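Protein chains: 2
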Amino acid sequence: MGSNVMGTSVVCQVGVIVRDVEKTAQAWANVLGVEAPSWSLTDPKEESHINLLGKSTDARAKLAFLSLGDQVQLELIEPVGEPSTWAEFLKEHGQGIHHIAFHLKGMDEVIARLEAHNITTIQRGDYTGGRYGYMDGVEELGVILELLENFD
Amino acid sequence: MGSNVMGTSVVCQVGVIVRDVEKTAQAWANVLGVEAPSWSLTDPKEESHINLLGKSTDARAKLAFLSLGDQVQLELIEPVGEPSTWAEFLKEHGQGIHHIAFHLKGMDEVIARLEAHNITTIQRGDYTGGRYGYMDGVEELGVILELLENFD
Numbered sequence: 004m005g006s007n008v009m010g011t012s013v014v015c016q017v018g019v020i021v022r023d024v025e026k027t028a029q030a031w032a033n034v035l036g037v038e039a040p041s042w043s044l045t046d047p048k049e050e051s052h053i054n055l056l057g058k059s060t061d062a063r064a065k066l067a068f069l070s071l072g073d074q075v076q077l078e079l080i081e082p083v084g085e086p087s088t089w090a091e092f093l094k095e096h097g098q099g100i101h102h103i104a105f106h107l108k109g110m111d112e113v114i115a116r117l118e119a120h121n122i123t124t125i126q127r128g129d130y131t132g133g134r135y136g137y138m139d140g141v142e143e144l145g146v147i148l149e150l151l152e153n154f155d
Numbered sequence: 004m005g006s007n008v009m010g011t012s013v014v015c016q017v018g019v020i021v022r023d024v025e026k027t028a029q030a031w032a033n034v035l036g037v038e039a040p041s042w043s044l045t046d047p048k049e050e051s052h053i054n055l056l057g058k059s060t061d062a063r064a065k066l067a068f069l070s071l072g073d074q075v076q077l078e079l080i081e082p083v084g085e086p087s088t089w090a091e092f093l094k095e096h097g098q099g100i101h102h103i104a105f106h107l108k109g110m111d112e113v114i115a116r117l118e119a120h121n122i123t124t125i126q127r128g129d130y131t132g133g134r135y136g137y138m139d140g141v142e143e144l145g146v147i148l149e150l151l152e153n154f155d
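Those protein sequences? They're chains A and B, same order as listed.
In terms of the numbering used here, the first sequence is residues 4 to 155.
In terms of the numbering used here, the second sequence is residues 4 to 155.
For reference, chain A alone in the conformation it holds in the complex:
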């Protein structure tokens, strides 16, 4: 029994690909009995440094968040432009659950350890205050993992 590769087991987000973030956020708000959250557009590539399989891309996404209990946020993701893991998922599967996310420290070391488990990098980028990495665990784990590292 080895150590925890990500340094955490605590899932913090469930990421869902949708066609219309505003409409879907309103539908979730209706089901949960809360106010519909506003959405925001991911930063342009000059700021987000987004790359898909190591290549820069113009793709962005509209994001909205709802709370599913204290531990977990629901993240609604509407792909804007392409190519991105978000747009590819929508094209291949339609609407559906794209990933589960974990907050961690030491992104580069965690990615190196995951790659040793055949879980490879799909897409990376920055957001205000942190950075993310999507890891292709579909074959090994059945899921795409998102790694989130907030800067101190």
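Hints were generated in silico from the structure; no laboratory data involved.
Just so we're clear, the structure is a prediction, and the values are computed from it rather than from any experiment.
Some hints here could point you the wrong way.
The list makes no distinction among identical chains, and a pair is therefore deemed to hold if it is satisfied within one copy or across any two copies.
Unchecked claim - DSSO-like, lysine-lysine: derived pairs with alpha carbons at most 30 angstroms apart:
#1 94 <-> 108
#2 108 <-> 26
#3 26 <-> 48
Let chain A serve as the given structure and place chain B on it in line with the hints.
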């Protein structure tokens, strides 16, 4: 702003369809640095009363669970036989995240309220100590919901 249709917002499981539950449980155990969980087979239809779109089916599934923090369990699901929502998902999408689950009370009333939101019943059944219902929220919410009601 209406009331909460499910009576809860607390996600308790993320359900993942896999081809080989034993292999995938071991891969997750390796990543999380824990012992691999054992798996169990769902009850035969005489006990589970499983039905897909209202019709009884011989389909079953092998299940294994890992903890993703205090609030959420990862549920690995290997379809056994068909037809079931599990087998259909594997055929259509390959391995991936099938649903998110919520514990609630008053299954029939919750289902009636969800159906009024165009979120319809896919599959229902019993397990030892409770019952479940999968609800097709893919179009409205982007996800399949699983409702879980443990008997008192």
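Each hint, compared with the structure:
1. In this assembly of identical chains, residue 94 and residue 108 lie within 30 angstroms of each other by CA distance neither inside one copy nor across copies; the values are 32 angstroms within and 37 angstroms between.
2. Taking identical chains as interchangeable, the C-alpha atoms of residue 108 and residue 26 lie at most 30 angstroms apart only when they sit on different chains, with a minimum of 28 angstroms there against 34 angstroms within one chain.
3. In this assembly of identical chains, the alpha carbons of residue 26 and residue 48 lie at most 30 angstroms apart only when taken from the same copy (26 angstroms versus 38 angstroms across copies).
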